[in-house]
Structure formats: structure tokens, C-alpha cells
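Going line by line, the protein sequences match chains G and A.
Residue numbers for the first sequence follow the numbering used here, beginning at 8 and rising by one.
Residue numbers for the second sequence follow the numbering used here, beginning at 98 and rising by one.
Mixed in with the good hints there might be a few duds.
[As the list claims (entries may be wrong)] Below, a list of computed lysine to any residue pairs in the SDA-like style, where the Cα atoms sit at most 25 Å apart:
| # | chain 1 | residue 1 | chain 2 | residue 2 |
| --- | --- | --- | --- | --- |
| 1 | G | K69 | A | R103 |
| 2 | G | K69 | A | Y160 |
| 3 | G | K165 | G | E128 |
| 4 | A | K177 | G | K101 |
| 5 | G | K48 | A | P134 |
| 6 | A | K176 | G | K101 |
| 7 | G | K237 | G | A224 |
| 8 | G | K10 | A | R103 |
| 9 | G | K282 | G | L265 |
| 10 | A | K176 | G | K342 |
| 11 | G | K10 | A | R166 |
| 12 | A | K177 | G | G87 |
| 13 | G | K357 | G | S254 |
| 14 | G | K215 | G | G163 |
| 15 | A | K177 | G | A224 |
| 16 | G | K10 | A | L164 |
| 17 | A | K177 | G | P92 |
| 18 | G | K282 | G | S254 |
| 19 | A | K176 | A | R103 |
| 20 | G | K69 | A | T136 |
| 21 | A | K177 | G | R95 |
| 22 | G | K182 | G | T218 |
| 23 | A | K176 | G | K216 |
| 24 | A | K177 | A | Y156 |
| 25 | G | K342 | G | T313 |
| 26 | G | K101 | G | T147 |
| 27 | G | K354 | G | S260 |
| 28 | G | K216 | G | K165 |
Bear in mind the hints are in silico, worked out from the structure with no lab data behind them.
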Amino acid sequence: MTKAEFIAKLNEALSSLSVNARQDAILFFTEQIDDLIDEGKTEDQAVDALGDFHALVAALYKEEQASRSGENRDTQTVRGESNRPEARSFTTDKRPSTIVLTETNCAVQILPSPDHKIHLEYEITRQIDVTITCDHDRLTYTAREIFPVFHFHIFGRKPVSLYLPADYLPDLEIKTGNAPLRAGNISCDTANFKTGNASLSLAHITAKKLTAQTSNAPIRAEHFTADLVKLNTSNASLTTTHCTCSSLSCKTSNGTLLTEHCSLNTLNAVTSNGKNTAEHITADIVNLTSSNGTVRLQNAEVKEITLITSNGSINAILPGSIADYRIDAQTSNGKSSLPPHKATGEKSLKASTRNGKINVMFNADQ
Amino acid sequence: MDTQLRRALLESCVLAVLREGDSYGYRIVRAVAPHIPVTQSTLYPILRRLETEGCLRVYSEEYNNRLRRYYAITDLGRKKIEEFLAEWEQAMQVYAYIRGTGTANHPEITTERSTSS
């Protein structure tokens, strides 16, 4: 094959590459053939010496695909080049029904989008690999820490920000660790928020089902509307305020539980060594449980009340009069302001403690 | 040899050649070939990728009335070599384990730490 024939063949084979890539390849191989000819080879021999033609073409197409950038890319993996964080972003017009965001050691925030698109803003470093895939079904963002052989100082990254447009109700699976998670002014269908050793803060959210879990750090949930809500932490406080839910379940240990200004069907609030307080709420059913802490219920328009503690006291100020409530009250070692049993009443009140007082009063009876 | 492995080795080989000084396509092939099989067709995609990654840069100089493409290593390319060497140090330890504890029977396995950087 002559030099001209080879170049024509190369040009033809690379016709689907970008103009730049094709011209660059042609320049390179023209030079290679010239060098081989300078060395004494014939054109034929020079072309033969170049190696596997088809492998070359395949490799070039693969390279071009990998380096193409833009919104249409379905999968991209980026990794920083330096130890200092570099900002990156991803935007899409698509409305995938599920968004899965997985981070480690980096804060995450979910906020409303300024326009009709989904935006992701994040930072990468040499130690972080971020892979984003997006199709009509699912958007995934996964950050992976690559442990360097040399222990370069790891710079902290700014929070990952996920911006959601209005009128878009995805299922959200958001997970990070050792860093705060917050979400505000968004709507979604089902949301699962998870972090550990860091605070979780949710505000102005509309959802069908909401689960939020952390450990060793507070959860604060305010101004949200949802059907089913489960909030879970440990060794820290859990505060829910100004929420409207069908079923609200709050659980912590060694921390204070506060549920206030809420409108609920069912409230289940459980803590071990902390105060458990519910006030200014309306609900059908309220269950407040603490083992070693005080249970308090105030300004609560509730049909069925159950207040349980072992070593703490039960304090309540309830609307109406004692006549409105069926009562079951037990304590082993404390005084009780309630009769142990009362059979009649539209509402129901159960209070049980071992080593604490029961101090329940009724507004109308004051 | 595994394709991915070969490509990783080739990338570092090319950078090692450029570490000694700027070079051009044909000379790079000649320098690498004794160590690992390579042709212009295998070299070219490697050069493209290293350029995209920022491990080398390209410039042109006149030679014999034509333009020749020269490649030069960058700081990032040097770092990549360091990473490669460190990873392989680890790999060699695993190799020694897999090979077996009878190192007396395998005199070619020696773990030498380079005193120069």
C-alpha cells in the first residue's frame, strides 16, 4: 500500500470522528510514515510497520466517546487532578422518577432549582471519583473516595447541592456519612435521607413518605407536609415542628424529643434517656414513651393518649375535663393525680410509670 | 498480557521516556519497544489519552522541511509516574506472597528500595 492509499484509508475509517480528531490522526501517521521512509523503508514496508489498523481505529473511537462532554452524556466519571477541590456541575432537562445520591464525608443539600432543570453542583479532588448517570428512569450520583498511595492532605469539599425544579416529584435516596444533610423547599414522592454522625435538617418539604435517619446528631424537621414520616437518630435531640402528617414516628435515644405545633393522625415518639414532649398538637392517637425521662403533653387535642415512662414523671395539661376521658393510670412508686381506672369518656388516656409521678391536669377543671 | 494492564504499563513507559527528554512519535516507539511490544498504532491512542489527561503537552518543530510533533512531560505526568511506581511496589509484595514463601528458590525476586527519588 502506498502512503497516499494508507492515508485515504485512514481518512475513510475515521470519517465519523470529529474533524479535529481525524486531522490529528492523519498528521501523526503521515509523520510516522515519513520517519520510517527516512530510515530506509519503502512505502509498503512503512505502512506495514505501523501495526494493527483496526485496533487503532477502534481505540480512537473509544477515546472520542470517552472525552465527549455535555448534557447528552449518559454516564460520566470525573476525577480531580489536584488535591484542591475543583467545581463541577451537571444539568439535565430529564425528569427521572428516582434520584439516588451517594456521598461520603461530604455535606449534601437539596434545594429548589432556579429554573425547570435539575442541577447538581459538586467538587472533586484527586481523591474523589464521581460518577453520574442519567436516563429517564433514574439519576444517580455516586462519589467514591479513592485512597491515595501517598497520603495527600485531603481538602474538605463544599456541600454537594442538588437542585430540584418545582412540579417534579421524584423518589429521593440521599445518603452521606459524617456530614450534614439538609433539604428545604422541595417536593418529592418518597424520600429516604440518611447520614451518620451529623445533623439532618428538613424544612418546608412536601412528600408522601419521608424517612430520615442519622446517629449521634440532631434531627430537625419543620414545616413539612407528608403522609408517612419516620425520623430516627440516637444520642441526640429530635425536634419536629409545624408539620402535618398522617403518621409521624420519632425515635431517639439519650436525647430530647420535641414535637410541637403539629397536625397529625398518629404520633409515636420514643426515646430512652431523654425528655419526651409534645405540645400544641392535634392528633387522633398519641403515644409518648421514655424510659428514664419525663413525658410531657400539653395543649394537645387528642382522642387516644398513651404516656409511658419507667423512671420519669408524666406531666400533662389536657383540654376539656376529666369527664371526657376514659382513664388507665398506673404507677408503682409515685403519686398520681389520676384515678387508676375510669370507664367512661369519649377520649382515652393511658398513663403508666414505675418510679415517677403522674401529674395530669385538665383545663376545664382548673 | 491483559489489555488493561498493558495499556497502564505503556502509559507509564511513555511518560518515563519523556521524563528523560522531549521526544517524537518514531523515537518513542523505538525507546519503548525493547521493554514492551508497541507500534505506532498502539502508541498513538496512548499519546492522545495522556494529552487529554494533562500528563504531556505537544508542540511542533521544523525538521527537514516538515513539521515534527514533539511531546513533553508535564508535572502531572511526573506525578503519574510516582503513583505508578508506588502502586507497583505494593503489587510486588502481593506477587511475592502469591509466588510462595520459598524466596530462596526464586532469586530473581528482590525488593530493593531505590535510594534515589
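Going down the list of hints, with the structure as the test:
no.: 1; hint: G:K69 - A:R103; result: holds, 17 Å
no.: 2; hint: G:K69 - A:Y160; result: violated, 32 Å
no.: 3; hint: G:K165 - G:E128; result: holds, 9 Å
no.: 4; hint: A:K177 - G:K101; result: violated, 37 Å
no.: 5; hint: G:K48 - A:P134; result: holds, 20 Å
no.: 6; hint: A:K176 - G:K101; result: violated, 39 Å
no.: 7; hint: G:K237 - G:A224; result: holds, 16 Å
no.: 8; hint: G:K10 - A:R103; result: violated, 29 Å
no.: 9; hint: G:K282 - G:L265; result: holds, 8 Å
no.: 10; hint: A:K176 - G:K342; result: violated, 75 Å
no.: 11; hint: G:K10 - A:R166; result: holds, 19 Å
no.: 12; hint: A:K177 - G:G87; result: holds, 13 Å
no.: 13; hint: G:K357 - G:S254; result: holds, 20 Å
no.: 14; hint: G:K215 - G:G163; result: violated, 34 Å
no.: 15; hint: A:K177 - G:A224; result: violated, 40 Å
no.: 16; hint: G:K10 - A:L164; result: holds, 17 Å
no.: 17; hint: A:K177 - G:P92; result: holds, 19 Å
no.: 18; hint: G:K282 - G:S254; result: holds, 21 Å
no.: 19; hint: A:K176 - A:R103; result: holds, 20 Å
no.: 20; hint: G:K69 - A:T136; result: holds, 18 Å
no.: 21; hint: A:K177 - G:R95; result: holds, 22 Å
no.: 22; hint: G:K182 - G:T218; result: holds, 12 Å
no.: 23; hint: A:K176 - G:K216; result: violated, 48 Å
no.: 24; hint: A:K177 - A:Y156; result: holds, 21 Å
no.: 25; hint: G:K342 - G:T313; result: holds, 18 Å
no.: 26; hint: G:K101 - G:T147; result: holds, 13 Å
no.: 27; hint: G:K354 - G:S260; result: violated, 29 Å
no.: 28; hint: G:K216 - G:K165; result: violated, 28 Å
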